[in-house]
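Student: Following the hints, complete the assembly by docking chains B and C onto the known chain A.
Protein sequence lines correspond, in order, to chains A, B and C.
Per numbering that gives the first Met the number 0, the very first residue in the first sequence carries number 0; after that it's consecutive.
Per numbering that gives the first Met the number 0, the very first residue in the second sequence carries number 0; after that it's consecutive.
Per numbering that gives the first Met the number 0, the very first residue in the third sequence carries number 0; after that it's consecutive.
Careful, some of the hints might be misleading.
No copy is singled out in the list; a pair is fine if it fits within one copy or between any two copies.
[Claimed, not checked] Derived lysine-lysine pairs resembling DSBU-like cross-links, with alpha carbons at most 35 Å apart: (1) Lys-296 <-> Lys-354; (2) Lys-114 <-> Lys-312; (3) Lys-114 <-> Lys-354; (4) Lys-354 <-> Lys-312; (5) Lys-328 <-> Lys-354; (6) Lys-114 <-> Lys-296.
It is worth saying that the hints were derived from the structure and are not from the lab.
In case you want the letters, here they are:
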Amino acid sequence: MLSAEQNEALTRIGPGTPMGDLLRRYWHPVAATGELDDRPTRPVRLLGEDLVLFKTGEAAYGLIERFCAHRGTDLAYGIVADAALRCPRHGWLYGDTGLCLDMPLEEEMPAEPIKLRAHQAREKAGMVWAYLGPQPAPLIPDWEPFSRQGGLVQVVLSVLHCNWLQCQENTMDGIDMEQLMDALQSARRDGAPPPLPPLDFAFDEFEHGFVVRPGESGAAVTKTSLWPNGLFSGDDRSCRFEWRVPMDDETTLNLAWFFERAAPGSDAALQSGVHFWYAPTREEETGEALQTHQLNKKFAIWLNQAPILDRTKEHLTEGDAGVVMLRNKLFNQISLIQDGGEPKALIYDPARNQKLRLPETAPLFAAKPAEQEPAFPYLAGQPDDAAEAYRRVVESWNRDEAGSP
Amino acid sequence: MLSAEQNEALTRIGPGTPMGDLLRRYWHPVAATGELDDRPTRPVRLLGEDLVLFKTGEAAYGLIERFCAHRGTDLAYGIVADAALRCPRHGWLYGDTGLCLDMPLEEEMPAEPIKLRAHQAREKAGMVWAYLGPQPAPLIPDWEPFSRQGGLVQVVLSVLHCNWLQCQENTMDGIDMEQLMDALQSARRDGAPPPLPPLDFAFDEFEHGFVVRPGESGAAVTKTSLWPNGLFSGDDRSCRFEWRVPMDDETTLNLAWFFERAAPGSDAALQSGVHFWYAPTREEETGEALQTHQLNKKFAIWLNQAPILDRTKEHLTEGDAGVVMLRNKLFNQISLIQDGGEPKALIYDPARNQKLRLPETAPLFAAKPAEQEPAFPYLAGQPDDAAEAYRRVVESWNRDEAGSP
Amino acid sequence: MLSAEQNEALTRIGPGTPMGDLLRRYWHPVAATGELDDRPTRPVRLLGEDLVLFKTGEAAYGLIERFCAHRGTDLAYGIVADAALRCPRHGWLYGDTGLCLDMPLEEEMPAEPIKLRAHQAREKAGMVWAYLGPQPAPLIPDWEPFSRQGGLVQVVLSVLHCNWLQCQENTMDGIDMEQLMDALQSARRDGAPPPLPPLDFAFDEFEHGFVVRPGESGAAVTKTSLWPNGLFSGDDRSCRFEWRVPMDDETTLNLAWFFERAAPGSDAALQSGVHFWYAPTREEETGEALQTHQLNKKFAIWLNQAPILDRTKEHLTEGDAGVVMLRNKLFNQISLIQDGGEPKALIYDPARNQKLRLPETAPLFAAKPAEQEPAFPYLAGQPDDAAEAYRRVVESWNRDEAGSP
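Bound-form chain A, shown alone (with noise of 0.2 Å):
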């Protein structure tokens, strides 16, 4: 159980706020790289930050407040020209460090230079990164995924309308959500009790943030928790990371990214791609959260909890020590950085930072049998090209095991 203040402290993360400082120290996801295609900018609302994001040129971008200087216009209809981004009303131009380079209205620019808030944007693995932070910034992790090839990846955005950190401390539960549903749900049909024996998790600290595993037994990682607010599960055929992205204190970005391996030498793995999509979390007609998707579910349980869970009225048990941990850890964090220290999991040398790779866990779901149709199971609304690359990339490995076509 948290006191009202340290529930805040976790909480909060606009500017100014331990934890809006602490995050603020690293990369963080805010759009998939295909988003900018059609049109080259972007509204981007990131640690209760309204911005926009724009693309200048071949992988590169430009981050600034979203407000011109000028009177208050909304630079997401600006145009971007000449690595550039030019206001729609009066032409004001802004480069990717804010300045204001250009007034075609004026007969001379002003003596003193108007400069918008800028920050930093980049590209890697399909999506866009966004650094918000004191200079210099760190590098974005080269995960080990990331460079694969000869599959599908997938980035599937989800806004949430409630606070991180309820999404983060799932990442720290012991048993997966998705499992215990599921051997509930089977209770239920069955009419029997839960099959569920205590369960004894551990969770190991790590560079990159925690694992989680069974605690006495030498099996497989259950999942990875990346510190601070991300996830990764899978192995080198499947694998997935989620990132938890606050926009705002009641609001989440949760940007999924899938790579699903095709079998090597079938043509799926040489048509392999990159599909993004945003997810719907409720139902269009009832606005019930959806739960038809393994990801789904667990959004509905958020969503549900309230904007801002209240950690006040908890009752935490033994089965709680991750959340503990990662509590702590917080606020650990929060104390070392506001003491002058360099937080965790940051990494500065290149050299370092080259395909990390992160524990493998067993597959989360049983392969459906080969006569089904493979359909994607994690979130909602996947395009129809998405999911004909989908079932694609799985049917590959069969007919690949069927020695034809």
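Tutor: Below, chains B and C without anything else, positioned relative to chain A:
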């Protein structure tokens, strides 16, 4: 005219408020029993409290706090098993007393028992009723129409975004609003001034509320204002109840219960059943309050007054004697229970709670000519199967009179 | 840049505010007359007041407080009879002075008369205008285009969720936003920097507002900023007015009035009429501001600034001389009326209020080639019959020139 403080006292119904305390002394219908058929859990908002209703067996229900004591998970997504409700997240199991009975992931239960606030829920007349007050709980009144056979029962729920009192005060208006509106409407069509004589109404308090009747004639009762938040109107063949159940200060569940008798011996009399539905209150496209049906017209009035009517600006007249009587009784009963007294209309003795009769009224609406298709005149959104059942019941009388089906 | 207090002073328009007092000295259009055809009552929100407009006869209107003095019933549901408005609930009858004339359910009227606040409403040029200020009321300006014949009149209403001033300041921007946006758009397409020379505009105050014109050339006026919240643009063949009518601090009714002349003697000239519609401002599916039409593009700018633009953060330049002139005049006029003076542009003498001419401007948009289907370029949502009428009027000139239909 009320002072601002008086208006607050009558309209605020959350825990610990004077009116909240008074209304907690009575049972309130909160759902149609059929709502629990497909899914045995349902969120309930009642008197400012967030609760979850769950069906534990044949006509058995639990009603406890909505959010799990562990880490705030929404129990409306819970799983009912063994007459208890299991949290979908870590499997904590709650009985209908609110006590946590099982934590399947823990080695042992905590020394200090964990308990959610629990209330009572019972089934009667096709509705689930809730009681949030002190023990011993009174009985749910056994109104005589509840045991009628050989007719159609309809339970129609409408969520109104306004305070309960502006709905209930309407029961103490002398003239029936529908009649007045109809008179005024025809006046408009004819261009003539409305043919409304000054009306003289009397309001007689009785055991279960107030009877509204013409002042000096012996004519039939107009309607009954059921204490503290109901209405009854009708006769042996056709009648309705309405309860205005406060969900919170600015939201009211109008739960209406209709009985329509089929001609004795007709097929319709044998096929009688219970239908339920949620009636819309606004046009989907424009958002304007629906005015297509008799009760919808009243809803439109209430909804457009303001979320909580400001009674400091009103100008009451002789015609508002009933409204004043209702308010005075509410103030009187608030004082009474604050002094430890037992409020009006509670029934504790089962022997006295048998087929309680209420005054009959003349049918409010003239029967349609037999050649017209009978249509339910009260509430929008009637599903096809209920409409068909209603038509059969109404037409059974024509067939009966004609002596042939 | 304004102080926070100055920004408040110019943007808040409720009863008793300095700007509210100033704007109450003028007539404001609040509806198309056709809106009262089907139903003779309409809720009106104007300058922060909730009112009901009702049509009492040929071109006669009442405009009184929206909620009945009795018990707060919404009079927008009222029944109009005998040039007065009857409450739908208990039949209280209000004349256009706001006085309660009849209480049909009471034996006698109260000794103390009951009176709702009442304002004035008049019809002119297919619009209903309202006046909420002190008596004597000035005249509604009789702009010359209002008496044009032989063409199509369109009244197009848009509800904008932003403060009135960010709309009206736009009338004092030197360059026309649409032209600039078009230039910038084509710059984007070509990759070249926008071909915009530094522009020199002049703003001349005159009796009815400000004329905006190129600074050193004798070229035609660009547009007229009508004092205090209007715009005029166009010539004898085609012109438009726009008024930015404050509904409340954060909502503005943009009411646009268009005249499009048909070729003299053409069939279209004989069939001219008045069309009206509500134009959408956002895409239904995405909720994004529409940018399909010229005025919608401007709306998008205003809507995305913020509900009330924060002028403490702006950086004004030489090019904002017009905006500064407008603000100074507003401050000046606020002081003037606080000292008991008569503000700018009021007309009291009917002899002086006859076909008032405004400066003509060059047509803003080049005519489409004759072989193209003429389409109304200004606002989304034009109904089919208005589109057909518009097409006929525009094409009448081609036919005329060609000498055959």
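Student: Are the CA atoms of Lys-296 and Lys-354 at most 35 Å apart within a copy, between copies, both, or neither?
Tutor: within (32 Å within a copy, 47 Å between copies)
Student: Which holds for Lys-114 with Lys-354 at a C-alpha limit of 35 Å: within a copy, between copies, both or neither?
Tutor: neither (37 Å within a copy, 50 Å between copies)
Student: With identical chains, the pair Lys-354 and Lys-312 could be close in the same copy or across copies; at 35 Å between alpha carbons, which is it: within, between, both, or neither?
Tutor: Intra 42 Å, inter 45 Å, cutoff 35 Å: neither.
Student: Can you give me the call for Lys-114 and Lys-296, within, between, both or neither, at a CA distance of at most 35 Å?
Tutor: between (44 Å within a copy, 26 Å between copies)
Student: How would you classify Lys-114 and Lys-312 at a CA-CA limit of 35 Å: within, between, both, or neither?
Tutor: Only across copies: Lys-114 and Lys-312 sit 12 Å apart there, 45 Å inside one copy, limit 35 Å.
Student: Is it within, between, both, or neither for Lys-328 and Lys-354, if the alpha carbons may be no more than 35 Å apart?
Tutor: This pair counts as within: shortest intra-copy Cα distance 26 Å, inter-copy 65 Å.
Violated hints for the displayed structure, listed by number in ascending order: 3 and 4.
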